[in-house]
Amino acid sequence: MKILIVEDEKPLSDSMVEYLSDEGHLCEATYNYFEATEKIGMYQYDCIVVDINLPDGNGLDLIRLIKKQAITLGIIIISALNSLENRIEGLEIGADHYLTKPFHLAELNAHLKSINRRISFGGSNQIIINEIRLIPDEHKAFVHDQEIILTKKEYELLLFFISNKNKVITKAGLAEYLWGDYMDLADSYDFIYTHIKNLRRKLLKKGCEDYIKTIYGLGYKFELN
Amino acid sequence: MLAISLFVFLIGIVAFYYFLRQQVDQNINLELKKREISLNKEFDALHSSAKPYVNLNDTVIITTLNQPRPAENFTDTLLFNPETHQYALYRQLGFVKTIHNQDFYIQIFKPLEETDRLIIRIVILMNLLVIMIIVTLIIANRHSSRQDWKVFYDTLTKIKNYDVNSHEEFLLQQSDIKEFEDLNRVLLTMTERIKNDYLNLKEYIENASHEIQTPLAIINSKMDLLLQSGDMKENQYKLVADAYEASNRLSRLNKTLILLAKIENRQFPESKPVNPSIMINNQLESLEDLIHSKKIKVINRMDSEVTVLMNPYLAEILLVNLIKNALRHNIPGGELILELSSSTFRISNSGPALQLEPEMLFKRFHTSSSSPESLGLGLSIVEKICTMYGFKVNYSYQNNMHVMQVDFHKA
Chain W
1 MKILIVEDEK
11 PLSDSMVEYL
21 SDEGHLCEAT
31 YNYFEATEKI
41 GMYQYDCIVV
51 DINLPDGNGL
61 DLIRLIKKQA
71 ITLGIIIISA
81 LNSLENRIEG
91 LEIGADHYLT
101 KPFHLAELNA
111 HLKSINRRIS
121 FGGSNQIIIN
131 EIRLIPDEHK
141 AFVHDQEIIL
151 TKKEYELLLF
161 FISNKNKVIT
171 KAGLAEYLWG
181 DYMDLADSYD
191 FIYTHIKNLR
201 RKLLKKGCED
211 YIKTIYGLGY
221 KFELN
Chain V
1001 MLAISLFVFL
1011 IGIVAFYYFL
1021 RQQVDQNINL
1031 ELKKREISLN
1041 KEFDALHSSA
1051 KPYVNLNDTV
1061 IITTLNQPRP
1071 AENFTDTLLF
1081 NPETHQYALY
1091 RQLGFVKTIH
1101 NQDFYIQIFK
1111 PLEETDRLII
1121 RIVILMNLLV
1131 IMIIVTLIIA
1141 NRHSSRQDWK
1151 VFYDTLTKIK
1161 NYDVNSHEEF
1171 LLQQSDIKEF
1181 EDLNRVLLTM
1191 TERIKNDYLN
1201 LKEYIENASH
1211 EIQTPLAIIN
1221 SKMDLLLQSG
1231 DMKENQYKLV
1241 ADAYEASNRL
1251 SRLNKTLILL
1261 AKIENRQFPE
1271 SKPVNPSIMI
1281 NNQLESLEDL
1291 IHSKKIKVIN
1301 RMDSEVTVLM
1311 NPYLAEILLV
1321 NLIKNALRHN
1331 IPGGELILEL
1341 SSSTFRISNS
1351 GPALQLEPEM
1361 LFKRFHTSSS
1371 SPESLGLGLS
1381 IVEKICTMYG
1391 FKVNYSYQNN
1401 MHVMQVDFHK
1411 A
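Here the protein sequences line up with chains W and V, keeping their order.
Letter by letter, the first sequence follows residues 1 to 225 in our numbering.
Letter by letter, the second sequence follows residues 1001 to 1411 in our numbering.
Hints are all accurate, no fakes.
If we take Cβ atoms under 8 Å as the criterion, some of the chain V residues that face chain W in the derived model are:
{"no.": "1", "residue": "D1224"}
{"no.": "2", "residue": "Y1237"}
{"no.": "3", "residue": "S1286"}
{"no.": "4", "residue": "L1287"}
These are calculated hints, taken from the structure and not from any lab test.
We treat Cβ as the ideally placed atom computed from N, Cα and C, and that holds for glycine.
Okay, chain W solo, but in the shape it has when bound (with noise of 0.2 Å):
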């Protein structure tokens, strides 16, 4: 997938070329509102990520741009300004997800992967890890073609670990990915905990292999060899 990532702090636009080209997207990087302009009209792109705050101008007025020219392409907006009008606004306009700084890598991918499912297969379609099969609009997950009956949150929590399979995934970037902002989540820390053991135990249940891995005091990593 095609990204372009527009943000004026080059050190966490660095960050995310690098997480994102690591999952093999081809990512591009600018760092103003002006050269975004300029690579929107000139190259396609399959998503945007954007921030609000720009040097020279408004993240949401570049969406605004991409509407009226009727490209298609995914939006998802960061930004600092965390404020409910400046979300509505956003998703109203067209994007596809506004992610808060500081956010983690990993939810973004998470996103990214949602909106590339979107656009190659317009939603239709499975993800397929060896025994494991996930069908999202469904909601619904298959080990060894057996359906295995997953809560909300657990069934979020695999498809979490499946767009990030071979990372190290923090419990802090689960807890926000699976709950958002604003809640005290220090004990979100045992709900992951929690889920985390029910969804492993439902998992081997049907004979699947045990991909998750404790990485201790850090988090999980789902590791495919």
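Model the placement of chain V on the given structure of chain W, informed by the hints.
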């Protein structure tokens, strides 16, 4: 005030004139009536051989004077009225008239009874008028001074209730008294200055919080990448994990503080009817795994019809924080009781009694020793949201249960 007194005075004079007039008329009428009676009697006396009628009112007593002539004099005297058999007070004029070298002492009388009555009435009337004016003046004076003090007391109450965080304008009543006006002016400038300082400070903190987000995002993203590099020793992982945890804590803290500031600034204006029971059930669903693992028994006594008018986003934050709190401090195999009526929401959970003052619960950064990772801002957020909507939130400990109660109606 002057106008009121003048008005009363004028009315009094007019009333006085008419009343006096009426009194005098009455008096004259009475005299005329007496005159009529005496005339009638005189006529009767003329036509009969009865003893001639003596009209005391017109009595003239003429005596021959042998003594040296007295001067003309006015005196009060009592005369016996044979008809009423009573003595009555008369005013008498005595003078000497010389007819054919003979001195005659002539006394003429005028009854004082009627005039006395008139005088008494006039005195009473005048006193009434004066009393009326004095009373009016006192009332008017008291009223106007109360009006003046009212402004003062109004100012006093407003200062007492002054909240620099309030979004209502600080307005004081106008006064006619210069000193009060001065006081109000000074107060207005002062509160204005305090408010501006406060807003500047708040803006500074908000900006700082927002600016912190970007460096935090960079730190987090770099750590994310560092973690992915893979070829780290276990002790290195541990180092990164600790640093990562700390930066995460910082970013969560920052986000929560920004949220608190936003609630304080009332940046969640739009309210609509929210159904708490639907929200709570959704939350319970997403937390069901945890509830199962802790073997917590959920007892739902919520009225599913109840709606509350508030911002849906804040409503969710409020309820989620209360639920999480009740789960966090629950004991394995404990109970979680949810009760909702149109006036209150009450969430109770099993657990050992608190070792601290209940008021401390709502303080920022207060955390219990049992969950050190907690930021201690959850209940603070709950309280802020409740305050914003004028709800009352209360903690109590009953039958080994922690009870959080939110009253939707203003206390």
